[in-house]
Structures are given as structure tokens and as C-alpha cells.
Amino acid sequence: MTTPILKVTGLTMDFGGIRALNQLDLDVCAGEIVALIGPNGAGKTTFFNCVTGIYMPTAGEVLLTPTGSSKSISLKGLKPNIVTEKGLARTFQNIRLFSKMTVLENVMIGRHCRTKSFIFGAVFRPQKTRTEEQEILETSYGLLEKVGLDHLANEFSANLSYGAQRRLEIARALATEPLLLLLDEPAAGMNPQETIELDILIKKITSEGQAILLIEHDMKLVMSLSDRIFVMDYGKKIAEGTPAEIRANPDVIKAYLGE
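Going left to right, the sequence shown walks through residues 0 to 258 as numbering that gives the first Met the number 0 numbers them.
Since the hints were derived computationally from the structure, they do not count as laboratory data. Glycine is no exception: its CB is placed at the ideal position from the N, C-alpha and C atoms. There are no misleading hints in this set.
Pair ranges (Cβ atoms, derived): (1) Ile195 x Arg95: 22 to 32 Å; (2) Tyr233 x Met55: 13 to 23 Å; (3) Thr66 x Ile199: 19 to 29 Å; (4) Glu244 x Ser73: 27 to 37 Å; (5) Ile199 x Gly16: 42 to 52 Å; (6) Thr66 x Pro249: 29 to 39 Å; (7) Ile195 x His150: 11 to 21 Å; (8) Ile195 x Lys99: 25 to 35 Å; (9) Gln192 x Asn158: 16 to 26 Å; (10) Phe91 x Glu154: 15 to 25 Å; (11) Met55 x Lys99: 31 to 41 Å; (12) Glu244 x His111: 32 to 42 Å; (13) Leu136 x Ile195: 27 to 37 Å; (14) Ile81 x Ala58: 13 to 23 Å.
Straight-line Cα separation of at most 27 Å, DSSO-like style, residue types lysine-lysine; simulated pairs: (15) Lys6 x Lys235; (16) Lys203 x Lys145; (17) Lys6 x Lys70; (18) Lys6 x Lys202; (19) Lys99 x Lys145; (20) Lys78 x Lys235; (21) Lys85 x Lys145; (22) Lys6 x Lys203; (23) Lys85 x Lys6; (24) Lys219 x Lys253; (25) Lys202 x Lys219; (26) Lys6 x Lys78; (27) Lys127 x Lys85; (28) Lys70 x Lys85; (29) Lys203 x Lys219; (30) Lys75 x Lys85.
Build out the structure end to end from the sequences listed, making use of the hints.
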């Protein structure tokens, strides 16, 4: 059996007397698109925040296992920047770009966790530092080509359309070279054409071997993209399976439509 890249067991998160996550188990394997769905307030973004180090879980374990490795890394308790270095990158429900920086510069920032030149290199600029800077530039531009924004490389990110800003966030996350890419409602606020373009982009990314964990309310997009789907309600996992299995699951229908 393939060892999952991400394996979450018993994840629990309490806020005072409120239990936002209750003994949640989830896993993602290499090359998979896994969706995490559920009604508003089910705890999906709280799950992302626990996995990526924004929240410290009350209980449970979060293990990351690089492809081909037999050694797992515990992410529990690590700061968000360290979690990114270990191999998890994410986007957010609310777009978080540097509005006064160019499109290219926003992606270049994502390379920070993979750079090796620090204060000495910045001051004295040896050949190694200059070579690394060129690599950052070329890699970042290549990612803009992948998401279809290379023609806007020198534009300020604030001037992009909403859909383009979403794609820029994905490019910046990919710049960290993640083992697993977490997308938090990437289609939120998009018009139908932008959603179609997003569907094509995500499939393109996964065709190159990138594993993705996706939170999304657009069920047409979820069913089109996902290999497996986990369903949450009131902080608990109520179902998991293929899109066909989830579509026919009575517990899922109840959670979304009521009795």
C-alpha cells in the first residue's frame, strides 16, 4: 500500500467550550486530488489552519512523508513558515497578495523558503548568490507561464482581475516546491469562465505529479477534479469515498439538504 504524503489522525481542535474539529482522520497520497467538503461552519478551514501551523491542535497527529521516503515528519506544533519549508503550501479564502508588488515579485517571494543566500550574500553578492537570484527569476517566470500570467509579469498584482489573482496565489504557493498544495475555496467569487479555467489549471498541475487537497463549495468542480472526497459536518468526518460514492451517500445528502 502506498504511504500517504499527508496522514492526519484524530485531529481535534477546541476553542473554549466549542469543539471545531472532532477526531478527524484524513490522508492524501502522491498525485491525488482530494477534496474536503461540507456545509459552512463544518470546520474545513479550521482543519487547514491546524495542518499548516496557524492553530495548535488540541489533540491528534499530522504526519508528512516525502515521496519515496519511509520517514515521516510530524508537523504538529511547527510554525507556519517551517511547515512550508517541510512541504505544505496553501492559498486562502481571502486573497492575500502583496498589492504594491508586481506579479513576478509576488511569485519570487514564494521562493524565499528555498533560498540559501542570507545577509552575507545580500551584502557581498558572490557568484553563488547571483546564480541563485537568476534561478529564482527563471523559476518564477516559468510558474507564471504555467498559470497563464507571464504576459502580466510586470503588472501590479492589485490591478489583476479576480480570477487572475487567484491563479497568482496558486503560482506563489507552487514556488515553494510543495509536496502537497492546499487550496482553500479557489473558485470562490469566480464567474463560470474563470471556474472552467481553474478546472483546467488544477488538472494541468496534477498531471505533473502535484498532490492537492482542496476545500471547495462548487460541487460541479469538486466532482470533476477529485479522486477522493472527505465530507465534514459539525467538525466530524461523516463520509469519504469516490465522487460517485459521495454523490449517493445519504449522510451527505442529509448534511447538505436536511431531512
